[in-house]
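For reference, each letter of the sequence shown is one residue, going 278 to 726 in this note's numbering.
Don't take each hint at face value.
Unchecked claim - Straight-line alpha carbon distances no greater than 25 Å define the calculated SDA-like cross-link-like pairs of lysine to any residue that follow:
{"hint": "1", "residue 1": "404", "residue 2": "656"}
{"hint": "2", "residue 1": "531", "residue 2": "593"}
{"hint": "3", "residue 1": "378", "residue 2": "473"}
{"hint": "4", "residue 1": "381", "residue 2": "667"}
{"hint": "5", "residue 1": "381", "residue 2": "347"}
{"hint": "6", "residue 1": "659", "residue 2": "400"}
{"hint": "7", "residue 1": "656", "residue 2": "630"}
{"hint": "8", "residue 1": "402", "residue 2": "656"}
Bear in mind the hints are in silico, worked out from the structure with no lab data behind them.
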Amino acid sequence: MSPSRSALRTKFGYLTDSRTGPKAGFAPRALAAPTRYAPARKAFSPAVVRRSVTTDAASSHAEKSDVPSEDDKPFTVRLSDEAFETYELDPPPYTLETSKKELKQMYYDMVAVRRMEMAADRLYKEKKIRGFCHLSTGQEAVAAGIEHAIEKTDHLITAYRCHGFAMMRGGTVRSIIGELLGRRGGIAYGKGGSMHMFSTGFYGGNGIVGAQVPVGAGIGFANMYLGKPNVTLALYGDGAANQGQVFEAFNLAKLWNIPVIFGCENNKYGMGTSASRSSAMTEYYKRGQYIPGLKINGMDVLAVKAAVQYGKQWCKDGNGPLVYEYVTYRYGGHSMSDPGTTYRTREEIQRMRSTNDPIAGLKQKIIEWGVAEEEELKKIDKEARSHVDEEVAAAEAMPVPDPTPEVLYEDIYVRGSEPQFLRGRIPEENFYYPQRPLDETPPPTQTTP
278 MSPSRSALRT
288 KFGYLTDSRT
298 GPKAGFAPRA
308 LAAPTRYAPA
318 RKAFSPAVVR
328 RSVTTDAASS
338 HAEKSDVPSE
348 DDKPFTVRLS
358 DEAFETYELD
368 PPPYTLETSK
378 KELKQMYYDM
388 VAVRRMEMAA
398 DRLYKEKKIR
408 GFCHLSTGQE
418 AVAAGIEHAI
428 EKTDHLITAY
438 RCHGFAMMRG
448 GTVRSIIGEL
458 LGRRGGIAYG
468 KGGSMHMFST
478 GFYGGNGIVG
488 AQVPVGAGIG
498 FANMYLGKPN
508 VTLALYGDGA
518 ANQGQVFEAF
528 NLAKLWNIPV
538 IFGCENNKYG
548 MGTSASRSSA
558 MTEYYKRGQY
568 IPGLKINGMD
578 VLAVKAAVQY
588 GKQWCKDGNG
598 PLVYEYVTYR
608 YGGHSMSDPG
618 TTYRTREEIQ
628 RMRSTNDPIA
638 GLKQKIIEWG
648 VAEEEELKKI
658 DKEARSHVDE
668 EVAAAEAMPV
678 PDPTPEVLYE
688 DIYVRGSEPQ
698 FLRGRIPEEN
708 FYYPQRPLDE
718 TPPPTQTTP
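Use the sequences and the hints to build the structure in full.
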């Protein structure tokens, strides 16, 4: 027998439509009898996301007297007690060894990435860059911290907010901006654009939300199968964290104990929607269920490095995968077509810029610890900006490629590994590859011999 309406009302309560009021014949949830179930959120008024991990970019500590005078001599930094939050996992050490040289390099890297993103912003607004363009301004500590924790033999794959990762993995500013401009000298020969950039050890840049996560698990599986002691990092955003293939990748990674670190860059918003409005549980580091997780202050480059170092060793020791959540923030919109102020206040953005900026936070610590004087940092600033500006100018000077049909057939295969020809529908449509390797400006190629 089906339960009566009153029984249902007592047990479950009923939803209220915020636009029309209670549905006819149904009691509002507020008037329903108390239940053991958690109360629903008010429509279109999401609860504040619990973010116990600090986002203070200057939260690490070191005694000035402990910092050696030599640039390459290591010293110990103490991380904030709020740098991490764990799930089924012992926390990483709250101390990190670094050096004056590394800290200055980290600073240079983040300044260069931001300068490059600013150049991309300008070129897009000048309509020199077309199509999609997703910038990572504000999130530089994640890319820089990861790169300083891994080796060139390790592998990384991410989503479409990838320019900083492409640069940190070894791509030049010239090749990245050239790619955005559609030039043959771009990192993907001008065919990938903002979302599809590749270099050695870097597998993109992927345009389909969440699709890179199982690919990352596959890269990790390949390394494990071949007996390589490498770790793979598969990054995705809070918006992608709800995609089904992410959980499928989690399952296989744990089942086969794949050495992969899944990393959610939680910048609070996925394409115009706050995390709390799209996710029933916003503690993304717990999403692996049977996989240990770690939540990280993604605004502190040192906390990121410490966490990834720990994860790399965890994977090398044969302990299987981890799920990381980097708590970070993007200053701009989701993409260039998004002003980024319709779903959050300008005051929120300004507060994060002024109090939690990763570059300003590291700069503050470098000066406090006596790693460098402000004048030296100004020189590093100038050097980074000058280098980026020169590279951007060189990219803009690259010739626009000729729109010939032959371009469509190139780069289907890794250059130098092409077959003799690609077969068309009829012999006259066959495309024959040139005998010499393709370069930035390949010679004219006939479609038939």
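Outcome of the hint check:
1. 404 x 656: Distance of about 32 Å is beyond 25 Å: violated.
2. 531 x 593: Since the Cα atoms of residue 531 and residue 593 sit roughly 15 Å apart, the hinted pair holds (cutoff 25 Å).
3. 378 x 473: Given pair residue 378, residue 473 is violated - Cα atoms ~32 Å apart, limit 25 Å.
4. 381 x 667: holds (21 Å)
5. 381 x 347: holds (13 Å)
6. 659 x 400: holds (21 Å)
7. 656 x 630: holds (22 Å)
8. 402 x 656: violated (29 Å)
Checked against the numbered hints listed earlier, the structure breaks hints 1, 3 and 8; every other hint is satisfied.
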